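**Q** One-letter residues, chain by chain:
Protein chains: 4
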Amino acid sequence: MADLINVAILGASGYTGSELVRLLLRHPRVKIAALTADRKAGQAMADVFPQFAGVELPRLITIAEIDLDAIDLVFCALPHGTTQGVIAGLFEKKQTLKVVDLSADFRLADPADYETWYGHPHQALELQKEAAFGVTELNRDAIAGARLIANPGCHSTTSILPIVPLLREKLIDPDNIVVVSATGMSGAGRAAKEEMLFSEVSEGVHAYGVGKHRHTSELDQEFDKASGRLSRATFTPLLIPMNRGIYATVTVTLAAGATAEKLHETLTETYAGEPFIAVLPFGKVPQSRHVRGSNFVQLGVVADRGPDRAIVISTLDNLVKGASGQAVQNMNVVCGFPETEGLESRAVFP
Amino acid sequence: MADLINVAILGASGYTGSELVRLLLRHPRVKIAALTADRKAGQAMADVFPQFAGVELPRLITIAEIDLDAIDLVFCALPHGTTQGVIAGLFEKKQTLKVVDLSADFRLADPADYETWYGHPHQALELQKEAAFGVTELNRDAIAGARLIANPGCHSTTSILPIVPLLREKLIDPDNIVVVSATGMSGAGRAAKEEMLFSEVSEGVHAYGVGKHRHTSELDQEFDKASGRLSRATFTPLLIPMNRGIYATVTVTLAAGATAEKLHETLTETYAGEPFIAVLPFGKVPQSRHVRGSNFVQLGVVADRGPDRAIVISTLDNLVKGASGQAVQNMNVVCGFPETEGLESRAVFP
Amino acid sequence: MADLINVAILGASGYTGSELVRLLLRHPRVKIAALTADRKAGQAMADVFPQFAGVELPRLITIAEIDLDAIDLVFCALPHGTTQGVIAGLFEKKQTLKVVDLSADFRLADPADYETWYGHPHQALELQKEAAFGVTELNRDAIAGARLIANPGCHSTTSILPIVPLLREKLIDPDNIVVVSATGMSGAGRAAKEEMLFSEVSEGVHAYGVGKHRHTSELDQEFDKASGRLSRATFTPLLIPMNRGIYATVTVTLAAGATAEKLHETLTETYAGEPFIAVLPFGKVPQSRHVRGSNFVQLGVVADRGPDRAIVISTLDNLVKGASGQAVQNMNVVCGFPETEGLESRAVFP
Amino acid sequence: MADLINVAILGASGYTGSELVRLLLRHPRVKIAALTADRKAGQAMADVFPQFAGVELPRLITIAEIDLDAIDLVFCALPHGTTQGVIAGLFEKKQTLKVVDLSADFRLADPADYETWYGHPHQALELQKEAAFGVTELNRDAIAGARLIANPGCHSTTSILPIVPLLREKLIDPDNIVVVSATGMSGAGRAAKEEMLFSEVSEGVHAYGVGKHRHTSELDQEFDKASGRLSRATFTPLLIPMNRGIYATVTVTLAAGATAEKLHETLTETYAGEPFIAVLPFGKVPQSRHVRGSNFVQLGVVADRGPDRAIVISTLDNLVKGASGQAVQNMNVVCGFPETEGLESRAVFP
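Residue numbers (full-length UniProt numbering), protein chains in the order written: chain A, 1 to 350; chain B, 1 to 350; chain C, 1 to 350; chain D, 1 to 350.
Derived from the structure by calculation, the hints contain no laboratory data.
Being a predicted model, the structure only gives us computed values, none of them experimental.
Just so you know, even glycine gets a beta-carbon here, dropped at the ideal spot from N, CA and C.
You may find that some hints are simply not true.
What the hints assert, rightly or not - Covered stretches of chain C (chain D as the covering partner; in silico rule of three or more C-beta atoms under 8 Å from a C-beta of chain D):
id: 1; segment: 116-125
id: 2; segment: 194-203
id: 3; segment: 208-218
id: 4; segment: 234-246
id: 5; segment: 284-291
Let the hints inform the model, and build the full structure from the sequences given.
**A** Below, the structure is given as structure tokens:
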């Protein structure tokens, strides 16, 4: 095929890396040309992820070994902090490269915000300026024209999708948004840590990063922009014993004159025609398992028993629409491919 | 032992019934004298719950077959609605009986509230009046003097314990309490329903009863009483893939002059000396698995990033402190036994 | 596309039915023309399985309502026992129909065996004779020429694939095959039964159908055929707390002169070129999660510490290669489509 | 109480250590006098295991810091290999000490066996000789007289309990014992390893240590002794997604004249009067969840469909009867306490 592009995946030994491979293997316009994993360089991908036994894939190499001349687009699935230097280096070698970055390094547009939330000055300020924030449905035009796309956080995507349209239409109080966002374990990655052992996380639940989770900064940025003023969201993530899925329960206070039905109507209109976003009938509650393994999002709006509040629920798969799937969707946009290509699969349920 | 009492458990074939048996088998002052299960009458308890293989227990009988003369106290673990008639009947036969009721039938003191939330007039209004609301730590004196104790809902106990003291001290805004309360499956009981099958609830999460869950009425009753005015809580329960545990994330707005630290201090003082309630150090977040299988509660208070809000977290085991354990605790109070008797076991973790 | 075929799925409200829909939505040569679910007729598929929200699918109808003239192939995902009559009725109306049956009704070729294991005489003896046993890799030619394909049981497929080649080559003792086959819950279907509730099956394991599980009859039939004599397998299924996956641990006694390495070599040769079967390197142990959600099978052979035995391990996803995926694979064979079409997706892991 | 003994737990920061604390807190004759955890010395136990918040417990110290003069009995829950030196050191300082060792270091009586299975010569041969093998029900007299008890492996206890009596009575073929033993994750301990992460082990199953798991050596030792000759068991452990529980499916070939019923009768007689062992009615299948969190064992015997084989099933909680519970039971025996003391709790189910 004439328009087959060559992609590299940096950080292929992590979960977002393997998820990219899974999705791209079904993409008709993509050739996986390079896979990197610094500490596992030299191994076959099937040694690191046995689900790929029998698949022809390039061996894992170091980032330094990539032949960038042969690469059209890079997915960067590396840890936060080190990513900015790596990407700056890639662009130095090849200005025309496209990069979809799954780390947090280019998500915040304001250098001061970055420093506040990440504790050190940004190392690639010029790139930070040009990066497009990658919630595809809300920023499609900027993404299409960018060479660097900052794929947003999984919690962030989940809450931004339903709340930004409501803030834009001034239907809810920007000062009183309460987000409780339950997530499965795969979002925590593959690093061996005691608190991520099966015995430590099965049969139980706990909050983490309370009052200070870094995805809050992405909510702030997008909520402020949407409402045209400072917003005030309280964000509490919960870790629950499942692999995949994010489930945001957002309690909102209605603006004067607004109703829960009006919220529902606005979301329905905003996302009419969007292939990946289903707004359920008013009052219906989504379940995370119905988007598991897919790039789909399900949204629900329910009235509270009193007149002034509503509960907005949003769910997606953290590794797909919350990471690698949205990255592929952004690749489709930036490359001019049909946006759903490689992402058509419905949820694996049960 | 001179002070051994005889108890009957009505509804022994359900999960709260079997949990009562588990706990009471370790209680030095209780003899399990009767077990009822109308549809399974005639069977051995070990046929219905094989964990009791080898234990000497009375066979399951119907309620009609109980010899009330030989019974000092009844635990009633029957479905909502039918319970009020059953208990009225018991008291008719034996006025001096003590009853700890685990259903919802006697939790609401106001008949109008009951009718609003349960859809029909209460059938035992006199008993409703005399029932003591059974959050032990907050209502000990009334419980000690009652013959009928209404054991509160599992979600209710979880949120009432941390929030009522804060409302009493006027430290938080009664108009803006947002409760998201994640629960395991055992709270849904043992009835065979499609939506409770393993394949329907594993690897996923969803909200239920949004905007209308009946435990809201118990929060209203206790929050109004504590604040001395109408309060306004939004309560959203989540169902998550675990057996046991409730985990309430309560986002509160601080009253003028209050701080998150002050909230923590108040809870610490309120529950100092309480054997079953641990207030964790300020900023520490509890985990439901650390109370699993036990009658203990863990509370945490964390400051939000802004000055005006705090996140209060409360967790307990829905079948123990959320149901059968608190029922035994209430039995201890009403019978004048040491309050911790039969309930000393720490959590089963991992 | 000229060669688009129209298929009907009978029993679309069960898990194998929804899995067929999931797979066929990605199949380039299939149109889902009819979906039946007698008790849920009239409902939209998305009401029964919300993962299909937004997908254009026919409404659920009764079997009687199908317009067979417009159907080329029927997937029958109905309960055992009633299926034989339904399929006989379909062929009466349309002799040229192709049917892939996922029930057990046509798996046993011998009417006496059927009666022994299912407790009643077969009601469609002529069809029973012509049905092709649908382990695709081992019976491809018969499948290609059949109009009725009996998709085998999930446990059966898992053990037949590794053991039949070893029996054919007389490498193992047919008298001493011990199969312990662990399965997830989705194989038990969607019927509301107490023993399938989350609380009854999470955090634990138990055997079921010990000494008498009906899939044993399929093992007997295929093992006898492969060894050319009566074989003797002991088959114990375990139910474990996961949704998807079967994991067969087969302990075999080596025939004189055979070695574990030779077993591995034979499987490697037998399945060389098979797109869905990966024989792992000698001594490597498969994991069920690496085939989850996919049509792939992973096989492993490990030597026991003594010289005379080996452990052969086989794993697949019970809803895909163990049911709906193999059904689609058989459809591909019988329709002359590329065998992997619609089935290329790799496992969803993690 | 006059007969209160002081115990130390070495390795209190691991799961068997915390389980010992949980059990001993309910034991009326034991004072927990010292807790060690070399790398976490100085911390409070509640920092390492928050379920102990509010319990008065000694701070964690190093082994070197223990005041042995004040200790009557030591539970040693340290890693294999290093344990033998530690225990030799303890006895050097205090000959009259009692030690219950939960490691593998003293389980094999034959130094050659130890060297074969552990890859190095034993460092404390004299102690190895005097250690009593701690399957309580089968070795009670030796345990009562020992100062060093080697608590057996969790898989070993599970299979030894049902199989040794059958071998002693020559009811089964010692040459053809096939054990498939499914275990939960907590047996793997608390070390941070990639393969033990929630995402790596949930929703799936796999075998491990196939053909070479070290618990095989304990089966060999006890099976050989029971049968009076060399036996031949094939042992395959499976890891399944649950925390607690071991479930052994043992396929046995009947000796001439034996029947499955006879096996059942023998186990029933052997364990009549044993407080912790329930032999279910013939043909009934145990479930691991019905012993979860308890020191109980449930055994079942089922006939295979042919006359010559039977399936013997045994289940227990790996952290209780498979480790810390049996250690406490052995302490009770060696100290002359009632054997069930501290261990009476029934399973936590659901």
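**Q** Between the segment 194-203 of chain C and chain D, see if three or more residues pass the 8 Å beta-carbon test, and mark the coverage as holds or violated.
**A** holds (count 4)
**Q** In terms of beta carbon proximity below 8 Å, does the segment 284-291 of chain C have 3 or more residues touching chain D?
**A** As far as the segment 284-291 of chain C goes, the hint holds, because 6 residues have Cβ atoms under 8 Å from chain D.
**Q** Are at least 3 residues of the segment 234-246 of chain C within less than 8 Å of chain D when you compare beta carbons?
**A** holds (count 9)
**Q** Within the assertion that chain D covers the segment 208-218 of chain C, do at least three residues meet a Cβ-to-Cβ distance smaller than 8 Å?
**A** holds (count 5)
**Q** Do at least three Cβ atoms from the segment 116-125 of chain C come closer than 8 Å to Cβ atoms of chain D?
**A** Check failed, 0 qualifying residues.
Against the hints set out earlier in the document, a violation occurs for number 1 only.
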